Amino acid sequence: MFSTRLPIAEAYADLLTGDGTLRGLIGPREVPRIWERHILNCAMVTELMPEHASVCDIGSGAGLPGVVIAIRRPDLHVVLVEPLLRRTTFLDEAVAVLGLANVTVHRGRAEDLHDRQEFDVVTARAVAPLERLVGWSLPLVRTGGVFLAMKGSGAHAEVEASDAALHRFGGVDVSVEVVGVGVVEPPVTVVKVVKGVPMETRGSQTKRKPRSRRS
0 MFSTRLPIAE AYADLLTGDG TLRGLIGPRE VPRIWERHIL NCAMVTELMP EHASVCDIGS
60 GAGLPGVVIA IRRPDLHVVL VEPLLRRTTF LDEAVAVLGL ANVTVHRGRA EDLHDRQEFD
120 VVTARAVAPL ERLVGWSLPL VRTGGVFLAM KGSGAHAEVE ASDAALHRFG GVDVSVEVVG
180 VGVVEPPVTV VKVVKGVPME TRGSQTKRKP RSRRS
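Each step along the sequence shown adds one to the number in numbering that gives the first Met the number 0, with nothing skipped, and position 39 is 38.
Keep in mind that the hints were calculated from the coordinates and are not lab data. No false leads were slipped in.
Beta-carbon label-pair distances, calculated as ranges:
| id | residue 1 | residue 2 | range |
| --- | --- | --- | --- |
| 1 | 114 | 28 | 33 to 43 Å |
| 2 | 142 | 163 | 12 to 22 Å |
| 3 | 6 | 28 | 22 to 32 Å |
| 4 | 26 | 84 | 13 to 23 Å |
| 5 | 108 | 29 | 21 to 31 Å |
| 6 | 197 | 31 | 39 to 49 Å |
| 7 | 172 | 21 | 34 to 44 Å |
| 8 | 142 | 18 | 32 to 42 Å |
Quick caveat: nothing in here was measured; it's all calculated off a predicted structure. Each residue gets a CB set at the ideal place from its N, CA and C atoms; glycine is no exception.
Using the sequences plus the hints, can you model the full thing?
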């Protein structure tokens, strides 16, 4: 999966299970399953990203999925957005130790970047319910770009509950994607939202229903 960059992924796993655990960024119970539950899980979301894209990972925490994305896909430039100092300190150190020239760490909230930066792809994992998450994330997505929210079995219900927010912030095509079938168990469920023109600047709304896809 990581090909020649496997040693970098292994070094990152060591950081998470060592220093990351000592700093309280990874729970002790997660150590035995750091690969299947976290690293491999996060790596699969890159299947939905175009080449040479700019990526923003909001609420990056210990770097999941942002650091994993940058390791697996060196063609991408990844910005890790995290408000807590102890986490950004860890991220800065990890990026330096791993030699990830394609990563920038930004300490702050996603909202701080609204109207200042736009990205081809915005990602989030275990940050907040989708209804709140789209308000933080979609303003950072360029028109035609995508927001990828890693979710669980309740993804369809979250999409339905978030319909008004998706309209308001410019979500024009919403689908629930399943990636990593036959590679990771369980496969990874991702809500994919294509960004269009926000509701305030377009004259009409079009009702969307989520589609399911497996790859």
